[in-house]
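Kindly produce the complete structure, drawing on both the sequences and the hints.
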Amino acid sequence: MAVELKENERIDDLQRNGYKIIQNPKKFCFGMDAVLLSGFVKVKPGSHVLDLGTGTGIIPILLEAKTQADHISALEIQEESADMARRSVALNNLEHKIAIITGDIKEADKIFDAASFDMITCNPPYMIGQHGLTNPDAPKAIARHEILCTLEDVVRSAAKLLKTGGSFCMVHRPFRLVEIITVMTKYRLEPKRMQLVYPYVDHEPNMVLIEGCRGGKSRIKVEKPLIVFQKPNVYTDEMNDVYGY
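Numbering (my numbering), first residue to last: 1 to 245.
Treat the hints as calculated values from the structure; they're not laboratory data. Ideal Cβ placement from N, Cα and C applies to all residues, glycine included. Every clue listed holds true.
No farther apart than 25 angstroms at their CA atoms in a straight line, the calculated lysine-lysine pairs in the DSS-like style are these:
no.: 1; residue 1: Lys192; residue 2: Lys163
no.: 2; residue 1: Lys192; residue 2: Lys221
no.: 3; residue 1: Lys217; residue 2: Lys42
no.: 4; residue 1: Lys192; residue 2: Lys44
no.: 5; residue 1: Lys217; residue 2: Lys160
no.: 6; residue 1: Lys6; residue 2: Lys20
no.: 7; residue 1: Lys42; residue 2: Lys221
no.: 8; residue 1: Lys42; residue 2: Lys224
no.: 9; residue 1: Lys224; residue 2: Lys192
no.: 10; residue 1: Lys186; residue 2: Lys217
no.: 11; residue 1: Lys221; residue 2: Lys66
no.: 12; residue 1: Lys20; residue 2: Lys66
no.: 13; residue 1: Lys44; residue 2: Lys163
Label-pair distances were calculated between CB atoms; the ranges are:
no.: 14; residue 1: Asp12; residue 2: Lys97; range: 12 to 22 angstroms
no.: 15; residue 1: Ala99; residue 2: Val201; range: 35 to 45 angstroms
no.: 16; residue 1: Val222; residue 2: Gly165; range: 19 to 29 angstroms
no.: 17; residue 1: Asp241; residue 2: Gly165; range: 26 to 36 angstroms
no.: 18; residue 1: Lys44; residue 2: Asn93; range: 20 to 30 angstroms
no.: 19; residue 1: Asp12; residue 2: Pro45; range: 21 to 31 angstroms
no.: 20; residue 1: Asn93; residue 2: Arg10; range: 11 to 21 angstroms
no.: 21; residue 1: Lys44; residue 2: Asn233; range: 32 to 42 angstroms
no.: 22; residue 1: Pro232; residue 2: Pro45; range: 30 to 40 angstroms
no.: 23; residue 1: Val178; residue 2: Arg10; range: 34 to 44 angstroms
no.: 24; residue 1: Asn233; residue 2: Cys29; range: 11 to 21 angstroms
no.: 25; residue 1: Pro232; residue 2: Lys97; range: 29 to 39 angstroms
no.: 26; residue 1: Lys44; residue 2: Lys106; range: 22 to 32 angstroms
no.: 27; residue 1: Asp83; residue 2: Glu204; range: 30 to 40 angstroms
Here is the structure:
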């Protein structure tokens with residue numbers, strides 16, 4: 001399907017099922033963290049999925065390609081990003097599978113029914129406060145800093161919208177891991193699975209992937225580390241699998 005491109009926008013090939021995505025490099029482009037999250041998530045066939053803070057819709061499109069989810073909803077507060085996401089969904093003829101909704105994560109329980117999703121995903125803002133901010137209203141700043149929502153906002157909304165036994169999956173930064181686990185357990189999203197991501201085998205981890213179960217019992221599985229590069233610009237076999245190369 002042909003779609004309109006706006007100023008500075010481009011169409012990128014996702015190398016999955018022939019799917020493409022519209023992005024504006026002057027605003028915000030998806031990163032490796034979104035791809036890693038889509039590879040970490042385990043969606044059961046027939047599931048109803050929600051992606052919180054979807055940006056330009058990369059995670060819903062990748063999950064549609066990789067899983068047998070019945071339907072994927074996606075919530076995004078920035079209308080410009082939500083508009084790009086809708087046009088990407090239309091570009092891939094996925095309107096029957098993916099719905100992009102403009103709205104606030106903090107108000108998600110007023111937009112969707114309680115306990116209505118089997119899986120909720122989120123690639124939230126990582127940074128706290130004003131550190132490194134030059135323009136607090138810029139799309140990149142909103143995506144990276146807790147300006148419009150906090151970690152607790154995300155977890156609280158996910159807990160309200162998940163069915164009992166449903167899963168919440170998130171990618172974040174290891175330096176906030178204690179806070180992440182504390183907040184998840186506060187809202188009865190019991191951490192069940194975790195994986196640390198390392199840029200190189202001899203570096204410290206720079207990302208953490210974590211899954212919690214709504215109302216689950218206390219027991220967590222720490223999966224083997226995921227190493228991104230075997231040498232500069234050369235992915236490991238595991239990363240090639242994630243990207244589908």
